[in-house]
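Model the full assembly from the supplied sequences, consistent with the hints where possible.
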Amino acid sequence: MRRLILIAIPYLWLLALFLIPFLIVVKISLSDTALARPPYFPQLDLATGWQGFVDFLRELDFENFTFLTTDDLYWKAYLSSLKIALISTALTLLVGFPIAYAMARAPEEWRPTLMMLVILPFWTSFLIRVYSWMGILSQGGLLNSFLLWLGLISEPLTILNTDTAVYIGIVYTYLPFMILPVYAALEKLDGSLLEAAEDLGCSRTSAFWLITVPLSKQGVIAGCFLVFIPAMGEFVIPSLLGGSQTLMIGKVLYEEFFSNRDWPVASAVAVVLLLILIIPIVLFQRNEQKQRESEG
Amino acid sequence: MKTHPLLIAFAVLTFAFLIGPLIIIIGTSLSNTSYLTFPPEGLSLKWYENIFEISAFRRTMVTSFMLAVGGTALSMLIGIPAAYAMARYRYELPAFLGNIYVLPILIPEIVLGFSLMKSVAVGMDFPIMAALLVGHALLVLPYCVRVVGASLNAFDFSIEEAAVSLGCPRWKAFFTVVLPNVRAGIIAGFILAFITSLNDVSISIFLTGPGVSTLPIQLLAHMEQFFDPTIASVSVLLMFVTVGVMAIVERTLGLTFLTK
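In order, the protein sequence lines correspond to chains A and B.
Residue 188 in the numbering used here sits at position 188 of the first sequence, and the numbers go up by one each step.
Residue 99 in the numbering used here sits at position 99 of the second sequence, and the numbers go up by one each step.
None of these hints come from the bench; they were simulated from the model.
Treat the hints loosely; a few may be bogus.
What the hints assert, rightly or not - In silico lysine to any residue, SDA-like type, Cα no more than 20 Å apart, as pairs: (1) A:Lys-251 x B:Ile-100; (2) A:Lys-217 x A:Ser-294; (3) A:Lys-290 x B:Ile-100; (4) A:Lys-290 x B:Leu-106; (5) A:Lys-251 x B:Met-223.
Unchecked claim - Here are some, though not all, of the chain A residues that point toward chain B, as calculated from beta-carbon distances under 10 Å: (6) Trp-13; (7) Phe-18; (8) Pro-21; (9) Phe-22; (10) Leu-23; (11) Arg-105; (12) Leu-114; (13) Pro-121; (14) Met-134; (15) Phe-225; (16) Pro-230; (17) Pro-280; (18) Phe-284.
Computed from a predicted structure; not experimentally measured.
Ideal placement from N, C-alpha and C gives every residue a C-beta, glycine not left out.
Right under this line is the structure:
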């Protein structure tokens with residue numbers, strides 16, 4: 001009994017603040033836009049009893065979802081978010097894996113300091129880091145001044161307000177999310193396995209591919225999901241670093257809500273975004289479970 | 001085994017990439033020009049003075065700190081019993097129960113903020129501060145449950161049983177035996193949650209309203225209007241708070257718990 005209560009309280013909390021809000025969003029996504037406060041129709045009025053509830057249900061329809069498929073802005077934004085999230089995840093892995101590997105091989109006494117360096121930006125406001133990149137990448141910014149000074153370019157490059165800036169921003173922001181799980185996996189790797197492989201005549205390169213990579217697989221998978229899932233819904237980075245042509249669904253949702261005040265369409269956008277992410281979220285959970293089981 | 005020099009070079013470059021922007025922020029905050037330049041032309045502390053002259057920063061800083069402490073405390077109040085139940089009965093409970101707590105991290109914050117605003121702020125007519133508190137408590141719940149859970153998993157529950165069989169009431173055993181033993185996990189979870197809450201943009205942007213704002217939202221608004229180094233100096237101030245807190249954690253607990 002005591003056990004039930006202990007577990008039930010947090011679940012009720014999650015239910016109240018997580019499931020119910022989401023159901024309300026689903027409900028709004030099935031409503032129509034109206035010039036009212038709140039700006040959608042119909043409103044559920046519990047005072048009208050069962051008949052009122054039935055009438056309310058009748059008013060709901062999938063119009064907003066149909067609208068999402070007819071206006072190509074939306075599916076282009078979904079596709080473009082998907083592309084940006086996938087490429088950034090790949091880039092983050094390309095940068096993150098070698099670092100995690102180097103950290104796991106570094107002398108024991110350096111590791112806490114290296115870890116601190118990885119976590120430091122992660123614990124500084126994300127907004128501040130994006131702001132710093134705005135200063136670095138702008139026309140008269142640090143990067144351009146540096147390249148001009150080196151004589152590599154003769155006139156400043158336009159990087160800020162392009163997709164390139166968005167990639168840099170996402171890779172920078174989410175790099176620690178990749179490094180930490182990969183490092184955790186690599187640090188546990190038993191070095192004697194690699195020595196045994198070499199004693200048996202395996203070259204260092206093939207030992208890397210045959211032992212290190214498979215044994216760090218779960219860390220890599222966890223890292224990839226931890227980058228991909230939030231990157232998909234990102235809206236601050238594309239708004240601040242991206243240009244007007246940078247399409248990401250988070251930005252569309254934000255504008256739909258704050259500029260157009262079209263709550264039903266914004267809700268439909270959110271529902272579809274979450275549906276797309278359900279598959280990676282479930283896969284991520286499975287991977288975590290496997291990891292825990294293998295650790296016993 | 002030796003590490004390849006190319007790998008070391010690559011690692012150094014990446015660390016520069018990670019830390020560089022933070023150093024640039026510090027440099028900018030000390031500049032004496034009203035636009036962002038690096039390296040700064042001259043040094044001055046006037047942007048730091050400016051923080052305290054802009055009353056919106058002062059006000060939102062207080063709000064943000066209160067929110068971070070309140071939200072984390074509320075979240076701990078819910079998270080510790082949950083983590084306790086899941087660690088104590090881990091062989092009897094299905095594993096997916098533990099996974100559900102991670103959802104607030106996995107679901108894009110924009111969706112979370114958006115749906116919270118619809119229900120809590122508009123639907124239930126919560127005052128802004130209460131809505132923010134509830135939103136932040138939800139946002140940081142995964143950190144509380146996971147980090148406290150990790151230390152509870154390492155706790156030997158037979159100690160608690162021993163106390164109970166010697167006549168200690170269950171609630172007293174929880175407070176005097178279990179909690180002191182997982183103190184490190186609670187502190188670590190609290191700090192992680194506190195920093196996450198302090199820096200949150202996505203949830204707060206939907207829940208803040210007329211008269212009540214948080215520091216990051218105020219920074220964002222300031223950034224859209226002015227491009228002066230006040231932002232940089234506020235950032236440095238926040239950075240020092242974080243680094244200070246981290247140094248305390250490193251001293252008392254070590255940072256290895258973060259990868260667990």
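Each hint tested on the structure:
1. A:Lys-251 x B:Ile-100: Violated, at about 27 Å.
2. A:Lys-217 x A:Ser-294: 13 Å, holds
3. A:Lys-290 x B:Ile-100: Roughly 16 Å separates the two Cα atoms, so the pair holds.
4. A:Lys-290 x B:Leu-106: Since the Cα atoms of Lys-290 (chain A) and Leu-106 (chain B) sit roughly 18 Å apart, the hinted pair holds (cutoff 20 Å).
5. A:Lys-251 x B:Met-223: 18 Å, holds
6. Trp-13: OK, holds: Trp-13 (chain A) within 10 Å of chain B, min 5 Å.
7. Phe-18: 7 Å, holds
8. Pro-21: Holds, because the Cβ-Cβ distance from Pro-21 (chain A) to chain B comes to roughly 4 Å (cut-off 10 Å).
9. Phe-22: OK, holds: Phe-22 (chain A) within 10 Å of chain B, min 5 Å.
10. Leu-23: 9 Å, holds
11. Arg-105: 5 Å, holds
12. Leu-114: 8 Å, holds
13. Pro-121: At about 5 Å, which falls below the 10 Å cut-off, the nearest Cβ of chain B leaves the hint on Pro-121 (chain A) intact, so it holds.
14. Met-134: 8 Å, holds
15. Phe-225: 8 Å, holds
16. Pro-230: Holds, about 6 Å.
17. Pro-280: 8 Å, holds
18. Phe-284: Given a least distance of 7 Å, the restraint on Phe-284 (chain A) holds.
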